[in-house]
Amino acid sequence: MKIAVASGKGGTGKTSVTVNLALSLGKVQVLDCDVEEPNTHILLRPQVGDTTPVELLVPKILEERCDYCGECARFCQFNALFVAGETAMVFPELCHSCGGCSIVCPRDAIVEEPRQIGRVVKGRAGDIDLVYGEINVGEALAVPIIAAVKDHIDEKRMVILDSSPGACCPLVETIHGTDFCLLVTEPTPFGLHDLKIVVEVTRKLEIPMGVVVNFAGIGDRGVYDFCEEQGIPIMMEIPFDRRIAELYSRGVPFVEEMPEWRQEFIDLVGQIEEVVA
Amino acid sequence: MRKMTILSGKGGTGKTTVTASFAALSSNAIFADCDVDASNLHLILKPEVKETIVFKGLNLAVIDPERCTQCGLCEEKCRFNAIHDFTVESIHCEGCKVCVQVCPVQAIDFVERICGHAYISETEYGPMSHANLIPGMENSGKLVTLVRQNAKRLAEEGGHELVLVDGPPGIGCPVIASLADIDHGLVVVEPTLSGIHDLKRALKLLDHFKVEALVCVNKHDLNDENTRAIKEFCNERGIMIIGQVPFDLEVTKAMVDGRPVVDYAPDSPASKAIRSMWEKLSSIFGG
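Keeping their order, the protein sequence lines are chains A and B.
Mind the numbering: the first sequence is residues 1 to 277 in our numbering, read in order.
Mind the numbering: the second sequence is residues 278 to 564 in our numbering, read in order.
The shape of chain A in the complex, shown without the other chains:
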């Protein structure tokens, strides 16, 4: 089973839920799909194994063949090519690697070559396998790196995917193809606003979902009312507790110091299994 942990708003506790869930279950695979700011490895402290570069194919113009007709630049939807006079330029950081320019070039003057935009790191912490992606600073496209992380999914195991915040392409790429979305939110107006957005995306993709309310006790009742109205189950509440926050600040997953929570996370998966079945 593949469980994605997501939230529209940042800092609601996705990584904390991912890691504590993984440690409570044991023997799972964790995929950190927040490739802009991956944090699961800070809490899991894995022994790092293989690292593989993530590359995108970007065009290279063969000057000796190019007659500067400009077909490629006119075709490119991402403004990644510029042709004027006797100059043809590629802006690799704008290229989405669709391959269109090499298809439309009438003189076969465009070849594609790989360019590294990030990497995928594999590691192991106890009986947990971790795979995380990391985008190179200054690169824009997170999606190809998320896809490269997801290539490592072990279908035979329980897989937990930690998403980035937000509600556009990285979220869609992460949760697509998963069996269940666990939406972590905080009971505040910001938490509610962003939860509604991520619920909409999850519904569009027809993935069953449930909510974890983190920092319960602060804020207001908006999140609870919304979930009730929409028929979305609240599967767990984690209280606002300075001790949990302090443990997190030191990079300590709270189930390690508060072992009574392990059973709560095991029960959470029980609830998810019922919904998915």
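Since the hints were made in silico from the structure, they are not lab data.
A few of these clues could be false.
Taking lysine-lysine pairs in the DSBU-like style, the calculated list, with each CA pair at most 35 Å apart, reads [what the hints assert, rightly or not]:
id, chain 1, residue 1, chain 2, residue 2
1, B, K530, B, K323
2, B, K419, B, K374
3, B, K354, A, K60
4, A, K196, B, K429
5, B, K477, A, K196
Following the hints, complete the assembly by docking chain B onto the known chain A.
Just chain B, lined up with the frame of chain A:
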């Protein structure tokens, strides 16, 4: 005119809380919410929309089953895995037009796609530029650029001295778009190991794009050791820490009440710290 983006790398560190309070303390500024896929600033500044602009992203490929001969060439050439069973899954379509190009019978149309809306608004504290991306849509970077450009235009037209930009989390496409043509990047960080990790990546990004970095430590009293580590890290690199905001439950209460904390609870410890940060910033901008 000065332009400053408030960013964080890690989400949920207090960007919007800080931006909203700065808005309340400012006297001649424009506000822009560049977190277009999970925007929150409007919940506090309560903008009255004056102008709505339809935002079109890249076009969407649509296969006409009447004309399609099911040759499968489009599916083969699509690098985004968006075509299955001779149908384009719109949520995965990147809008690259390759399928339209390769279709031997011109069975694929390339239609406009509305991805969101941008707004020009008025708030109690000054004009605001903001937007909504339709959930799950692509091109949030382009919409961020539109919001930022609208803010700059408003500032020029109205003679405003400052553009305050509430940035998205992360360091990818939307963040990069929120940093173009910006003078200062204020990174809001919490003293957690994750926060420090993400701060370093955010600072690298600012350096990469030659934006001057400033740092604010939020909830600094959560972990004194980590706060010290952040200070040392910044001092070594000559990066100014312009504020330290203590953990304060009034911040959440102000959010529930839908007001900037400096208005809601002006004497609370967090409000005092934010005001002193604003005074420092004002002297930087003034000088």
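Tested hints:
At roughly 17 Å between alpha-carbon atoms, K530(B) and K323(B) fall within 35 Å of each other, so this suggested pair holds. Taken as a hint, the K419(B) and K374(B) pair is honoured in the structure, with Cα atoms around 18 Å apart against an allowance of 35 Å. The hinted pair formed by K354(B) and K60(A) meets the criterion: a straight-line CA distance of about 19 Å does not exceed 35 Å. The suggested pairing of K196(A) with K429(B) holds, with an alpha-carbon distance near 30 Å, which does not exceed 35 Å.
Distance check on the hinted pair: K477(B) and K196(A) sit about 31 Å apart at the alpha-carbon level, within 35 Å; holds.
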